[in-house]
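Asks: Add chain B to chain A, keeping to what the hints say.
Number of protein chains: 2
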Amino acid sequence: MLKLHKSQRIAAILKILTDSPSKVFTLGHFTEMFGVAKSTISEDIDTVRDLLLKTDQGYIDTIPGASGGIRYVPVLSQAKISKLLNKLCIELSEKERILSGGFIYMLDIIYNPEKADEIGRIFASYFFNKNIDYVITVETKGILLAFSTAKLLNIPLVIVRHYSEAADGASVNINYISGTSSRLQTMILPLKALKRNSRLLFIDDFMKGGGTAKGIKELAKQFECTVEGIGVLVSTSEPSAKLVDDYISLLTLKSVEERNGIINIVPNANY
Amino acid sequence: MLKLHKSQRIAAILKILTDSPSKVFTLGHFTEMFGVAKSTISEDIDTVRDLLLKTDQGYIDTIPGASGGIRYVPVLSQAKISKLLNKLCIELSEKERILSGGFIYMLDIIYNPEKADEIGRIFASYFFNKNIDYVITVETKGILLAFSTAKLLNIPLVIVRHYSEAADGASVNINYISGTSSRLQTMILPLKALKRNSRLLFIDDFMKGGGTAKGIKELAKQFECTVEGIGVLVSTSEPSAKLVDDYISLLTLKSVEERNGIINIVPNANY
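From first to last, the protein sequence lines are chains A and B. According to my numbering, the first sequence is numbered sequentially starting from 2. According to my numbering, the second sequence is numbered sequentially starting from 2.
Looking at chain A on its own, in the form it has when it is part of the complex (with noise of 0.2 Å):
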């Protein structure tokens, strides 16, 4: 047992709440560790998800019932998203980004804990509410978009392989077309790494043509799982038509404009 003042508790409670986002605890859990009475620990609560919303990090959630209890849940308010959005154009409109064949260079951007972590922030309070099993993506650039959006949805990711490996044991193997390098890709998932009948929501920092998500799709259903949701970072304007619908993405590359230089990139309003 932990005997703390009772500001030390507040920060002890908000530190364990926001370190696991989504694990839902019982308030037998904290009057246990520190020893003191349920109305107190209420009282803490409150001071705790009352500051929470004055700083606008998410809200503290009830869930009533014999296996209820409280869980801090990480969504950010729809002025906090765009403000991240647009903050993110201007850093990916700088011009030394270009690179040839209209791409632009975000390595920077997407391998960045701070930022990768915003932008699982964003993900992260689009699908709070789809009842998500697993975040899945393909290796290697949506990797940690994915795991920070897994971490705040308290939820496994499942990355898929372009290779398989000895290490990874039997595995299911699906071909599709890459839209952004037009050819033939392999796509291995371990059969140890889903479970049958999950929902999925597959994160991907970049959509072209949108045949990796495509890819995805077929993938699950080979698992008999569904994809319940797609989230990329960038998608591109071009072509308008991708081989999926449904899919939310938080900014549109619109050109790249190799001779003057110039990158248009736009945030979404995905409300």
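There may be inaccurate statements among the hints.
Where chains are identical, the list cannot tell them apart; a pair therefore holds if satisfied intra-copy or between any two copies.
Said to hold, decoys possible - Derived pair list, reagent style EDC-like, types lysine to aspartate or glutamate, alpha-carbon separation capped at 20 Å:
| no. | residue 1 | residue 2 |
| --- | --- | --- |
| 1 | K96 | E259 |
| 2 | K196 | E225 |
| 3 | K215 | E44 |
| 4 | K24 | E166 |
| 5 | K84 | E95 |
| 6 | K7 | D51 |
| 7 | K7 | E44 |
| 8 | K193 | E259 |
If you're looking for bench data, these hints aren't it; they were derived computationally from the structure.
Replies: This is chain B only, laid out in the frame that chain A set:
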């Protein structure tokens, strides 16, 4: 400015510091944010410091001087590290994990957000004082462990790939022999990915011969960088002579007896 009661202010300071481990905040940052005197903030920080010590979650460091301030150092005690490693060994010894060829299935652990975070916290504890500039890893399995470590050290992650893409820009390629697969592989890293003269920490999930770690050292040279630390979750006891010798392995896989269903894996004391 955010007007908060003392207990909410303390909770908010704890969250801000622990959400950005290793990042230096000036006292002025908090006096401005909350509109209170420096002496009040100092008291609040003492309360946070005391709480972190009581709960064995690292400590708060004071950096003196004009550019000084405070930062949260996310190191764990040796006792807590031992406890976490023992728990991991029990999980990794489950006989269902045995794959043919003497491998064990670890994806459910190394892709689990909560566990990847715990393992990252152990690596961060060991390498915190090494003044690392980047965490580096090779796709795919070590990525989440490397990401968690990078997040705790407040530095960027760099992911080396086996195949290049148009959206990566100009790259450096080197060939190496992976001990796990005993085949020639390629490592590719975009020229933009690392600043010259940086200190790198290589993190991976598994080490058998050490070929990948050796390859990373050679790749680092091409960028005029140095590998100042190597951390792997599991290394095999055979071959005992690895191609690198200055590495930290959290667990040692001594044997996998397919016939009897026995996995012999033990924690290492790296202190």
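Asks: Determine for every hint whether it applies to the structure shown.
Replies: Cross-check of the supplied hints:
no.: 1; hint: K96 <-> E259; verdict: within (9 Å within a copy, 56 Å between copies)
no.: 2; hint: K196 <-> E225; verdict: within (9 Å within a copy, 46 Å between copies)
no.: 3; hint: K215 <-> E44; verdict: neither (48 Å within a copy, 56 Å between copies)
no.: 4; hint: K24 <-> E166; verdict: neither (33 Å within a copy, 38 Å between copies)
no.: 5; hint: K84 <-> E95; verdict: within (18 Å within a copy, 47 Å between copies)
no.: 6; hint: K7 <-> D51; verdict: both (16 Å within a copy, 13 Å between copies)
no.: 7; hint: K7 <-> E44; verdict: both (10 Å within a copy, 15 Å between copies)
no.: 8; hint: K193 <-> E259; verdict: between (45 Å within a copy, 18 Å between copies)
The earlier numbered hints that this structure contradicts are 3 and 4.
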